[in-house]
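If you're matching them up, the sequences are chains A and B in order. Read left to right, the first sequence gives residues 1 to 147 (the working numbering). Read left to right, the second sequence gives residues 1001 to 1785 (the working numbering).
Keep in mind the hints are simulated off the structure, nothing from the lab. Just so you know, not all the hints are guaranteed correct.
Heads up, simulated DSSO-like pairs for lysine-lysine below, C-alpha to C-alpha not over 30 Å straight-line [claimed, not checked]:
(1) A:Lys28 / B:Lys1057
(2) A:Lys122 / B:Lys1051
(3) B:Lys1166 / B:Lys1184
(4) A:Lys122 / B:Lys1770
(5) B:Lys1773 / A:Lys122
(6) A:Lys64 / B:Lys1049
(7) B:Lys1270 / B:Lys1344
(8) A:Lys122 / B:Lys1147
(9) B:Lys1052 / A:Lys68
(10) B:Lys1051 / A:Lys68
(11) A:Lys64 / B:Lys1057
(12) B:Lys1051 / A:Lys56
(13) B:Lys1057 / A:Lys56
(14) A:Lys35 / B:Lys1049
(15) B:Lys1049 / A:Lys68
(16) A:Lys56 / B:Lys1773
(17) A:Lys122 / B:Lys1049
(18) B:Lys1076 / B:Lys1057
(19) A:Lys64 / B:Lys1052
(20) B:Lys1057 / A:Lys24
(21) B:Lys1052 / A:Lys24
(22) A:Lys122 / B:Lys1144
(23) B:Lys1387 / B:Lys1439
(24) B:Lys1052 / A:Lys28
(25) B:Lys1052 / A:Lys56
(26) B:Lys1184 / B:Lys1314
(27) B:Lys1052 / A:Lys35
(28) A:Lys122 / B:Lys1052
(29) B:Lys1051 / A:Lys24
(30) B:Lys1062 / A:Lys35
(31) B:Lys1014 / A:Lys75
(32) B:Lys1717 / B:Lys1776
Estimated spans, in silico, between C-beta atoms of each pair [stated by the list, open to error]:
(33) A:Lys131 / B:Glu1130: 22 to 30 Å
(34) A:Lys131 / B:Glu1056: 44 to 52 Å
(35) B:Glu1134 / A:Lys131: 23 to 31 Å
This structure is a prediction, so every number in the text was calculated from the model and none was measured. Ideal placement from N, C-alpha and C gives every residue a C-beta, glycine not left out.
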Amino acid sequence: MHFEGAVHVKASKQHAFELITDPKRISKCMPDLQKLHIEHPDDFTTVIRAGISFIKGDFTIHFKVIEKAPPNYVKMTGHGSGMGSAIDLETVMDLVEAENRITTMNWKADANVSGKIASVGKRLLDAQAEKIIKQLFECIQQELGTN
Amino acid sequence: MAVTSLVGASVRRKEDPRLITGSATYTDDIVLPGMVYAAYLRSPYAHAKIKKINIEKAKALKGVLAVVTGKDLKDKVKPIPCAWQIPNADLKIPDYQSIAMDTVRYTGDIVAAVVATDRYVAADAVDLIEADYEPLPAVINMEKAVKAGSPQLHANIPNNICFDWKLSGGDVKKAFDEAEVVVKERFVNQRLIPNAMEMRGAVAQYNSSTGELTIWMTSQNPHVHRLLLSMTLGIPEHKLRVISPEVGGGFGSKIHFYPGEAIAAFLSIKLNRPVKWFEDRRENYVGTTHGRDHVQYVELAAKKDGTILGMRVKAYANMGAYLSTAAPGIATILFGFILPGCYKIRNVDCEVIGVLTNTTPVDAYRGAGRPEAVFITERLVDILAHKIGMDPAEIRFKNFVPPEAFPYQIATGLTYDSGNYAPALKKAMEIIAYDQLRKEQIKLRKEGKLLGIGLSTYVEICGLAPSKIARATGFGLGLWESSTIRVHPTGKVSVFTGANPHGQGEETTFAQLVGDELGLPMDDVEVVHGDTAIVPFGMGTYGSRTTPVAGGSIVLCARKIRDKAKKIAAHLLEAREEDVVFEKGKFFVKGAPSRAKTIQEVALEAYTAEHLPPGMEPGLETTTFYDPENFTYPFGAHICAVDIDTESGEVKIRRYVAVDDCGRIINPMIVEGQVHGGIAQGLAQALLEEAIYDESGNLLTSSLADYAVPTALELPKFELDRTETPSPHNPAGLKGVGETGTIASPPALVNAVVDALAHLGVTHIEMPIKSEKIWKILHEKGVAP
Chain A
1 MHFEGAVHVK ASKQHAFELI TDPKRISKCM PDLQKLHIEH PDDFTTVIRA
51 GISFIKGDFT IHFKVIEKAP PNYVKMTGHG SGMGSAIDLE TVMDLVEAEN
101 RITTMNWKAD ANVSGKIASV GKRLLDAQAE KIIKQLFECI QQELGTN
Chain B
1001 MAVTSLVGAS VRRKEDPRLI TGSATYTDDI VLPGMVYAAY LRSPYAHAKI
1051 KKINIEKAKA LKGVLAVVTG KDLKDKVKPI PCAWQIPNAD LKIPDYQSIA
1101 MDTVRYTGDI VAAVVATDRY VAADAVDLIE ADYEPLPAVI NMEKAVKAGS
1151 PQLHANIPNN ICFDWKLSGG DVKKAFDEAE VVVKERFVNQ RLIPNAMEMR
1201 GAVAQYNSST GELTIWMTSQ NPHVHRLLLS MTLGIPEHKL RVISPEVGGG
1251 FGSKIHFYPG EAIAAFLSIK LNRPVKWFED RRENYVGTTH GRDHVQYVEL
1301 AAKKDGTILG MRVKAYANMG AYLSTAAPGI ATILFGFILP GCYKIRNVDC
1351 EVIGVLTNTT PVDAYRGAGR PEAVFITERL VDILAHKIGM DPAEIRFKNF
1401 VPPEAFPYQI ATGLTYDSGN YAPALKKAME IIAYDQLRKE QIKLRKEGKL
1451 LGIGLSTYVE ICGLAPSKIA RATGFGLGLW ESSTIRVHPT GKVSVFTGAN
1501 PHGQGEETTF AQLVGDELGL PMDDVEVVHG DTAIVPFGMG TYGSRTTPVA
1551 GGSIVLCARK IRDKAKKIAA HLLEAREEDV VFEKGKFFVK GAPSRAKTIQ
1601 EVALEAYTAE HLPPGMEPGL ETTTFYDPEN FTYPFGAHIC AVDIDTESGE
1651 VKIRRYVAVD DCGRIINPMI VEGQVHGGIA QGLAQALLEE AIYDESGNLL
1701 TSSLADYAVP TALELPKFEL DRTETPSPHN PAGLKGVGET GTIASPPALV
1751 NAVVDALAHL GVTHIEMPIK SEKIWKILHE KGVAP
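Turn these sequences into a full structure, and let the hints guide you.
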């Protein structure tokens, strides 16, 4: 699955970058966060509750920052499993600051879901992922202020 | 042959009262003191390296007794064997571990096993296992899998090709050189999920003080499973007992030897406690073998007058991620040899490429190889008929092997035992009023309505099999069948069969056979099967072999009993053996029916042993191992008439007529039941069923909500009739009927649909023929809105 988009926030790109690379702050925007374990700001594990249809459960996802150029760019991978399923994702975020401290967050994400969730809910996966992404960015916008 | 009274009668099934009142005992009904429950973690990835497995949290859960991974089984459980090792095909057998060691190769590969005091705790503990994978690219499509550069499943099997099997008969090049007409097609015989009503499972009970392991399991062939379990676990065969209680359907999927049962046995040994494992439906869909899955490139050469000259087939057969028990033989031997069908096709070339993909292993499913072959032949004959403007019935009559040619050796080397193909087709045509239907078709077409008529005249290989042929094709064992008949002192009879019927009705039909041979009422005969400690080594139930091979064995066995009983009776009657005749349960002196001994009196004498002929052993019991001299070849003609809704593309089956010839019939009602079920499963393939994977190897049709098994509502009324051409080599003339419907019906339906659309230029539609496929065609042709 490939997703991409652009979100505007009322903050400098420095502030935006700090938020999205701070496991403690960004994990609060993840859906139904159960647990967070930080090895290092660039290497952390979350347990989130998610699912499709009647299959719902805890996913343990290990995030790693694999490239970054503060405060402009960050690339992360996520690798997780749960509920007889697995998820692998890679996200890239490009930050561009315009006048008036408005930052555009250009993002791309490639996700691959396999196992039970993929089997049961393939047709619902896109919609569910979009919902989660929407929630994530709404939360980021709230934290930083919207345009 | 015995004077029949029971054979030929539609006697009610002895097994039905317990089955329909819910009082039968299935594997999951087995509860033992101290029994604990196993559950398996299956890979979410179709292809990945296992980096790390953390079982600590699972182990810590209250109620969990053990968590094991692949390394715990290393050197203790041998790889799952492949038992049909076809020769001269460059067969490469991949390493198939019960629990994956370092790589998973399909979503369903077992990664770890948990045992807990409760099934739900076991399932929760499975969720607590932290398995870390490195995903690898997966390959699902066979034609991609064989290309260089594709993901490789097994390092020692280049291009994922695990065999390349070739069969040639006659001179195919010459046939095609001389051909006036050639038809070519690419067929997909789609992947199916067997869907037995009962899923797979096992209860394993190890006794450490005796070293004996008893396993109750969902098995079509308990002795074969005992042998393979013994080889895999290292427990000697005489310390192993396999019991197959009531089995809720198998359709081939319970022939095979799987990791699940082997792990349950291992866990019972490890814990020295009874361990139960039972699939749920989702686990069944990924963990139990699938069926079919061929891509076929086919060609037929003919003369303009419809004489068929030759056939070429190149098929890719999807084996899934590993080679299951019988998989290589199903895709080749049971497929290629039967390609000429009931026609005089003297030149046949066939190549089958076995391909490994990141999918659930594929193996026998009702029909097993033969539906894939008969579909090719029956479709090609129809395509040829349409191409040369000949009626599909006429082209069949023209090419049928004539009755006087039997026994008939076909181009691939098999010898058909008996057959008389034209009367079956004529009968089917009469029943459906074929000529009238053709006239109606023309009339309806003028009105813009679509009626299609599809024929399927099949022959199939049944009664697996003569051991010498089985062995020559690489099958791991002979394929004879055993039976023991024990006449008790009261004259009641226990029949022990090495076959393992599971719903087919042989507890009834075998009692009919024995009842007639020994002159006993049905109620005095009980058929026993499914327990390796009780019945002699036997090969089991599959390949439509139970009635012809096990039934043949039982008839021979009963005749041996009768021969001994006759000797005893002659001695008691003070008559010469040759002067004693046997009729309706009585031995009497020829011409003096009042000087008689009943079989019951003789049985009692056999045990009291006071007046036995000199030198005769007491008792009235014998065992027979019957190894048939040939396969049996049932045949028949199915005709399907469909109306197609021009607005929605919906196929409505107007009539379905099946005239089958399965040799001598023991119980017409049971034969009809088998034919009904078979046609239902075949039409399901033609119209609805299809296992679908996404490109990453996730099974998208992963439950009964997504995989369309038909209900009675989707099926027509079946109009059945028969002809009866006994097998000349079978002791009772029997041929077998368990798979005929599944084999014959897919091409009948597809031929009917294509026939309805032929005037629009349609030559083929892939199964399953769903309404949307037809609607799309009709829409493109400007017929549908």
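In rising order, the numbers of the hints this structure does not comply with: 7, 16, 31, 34
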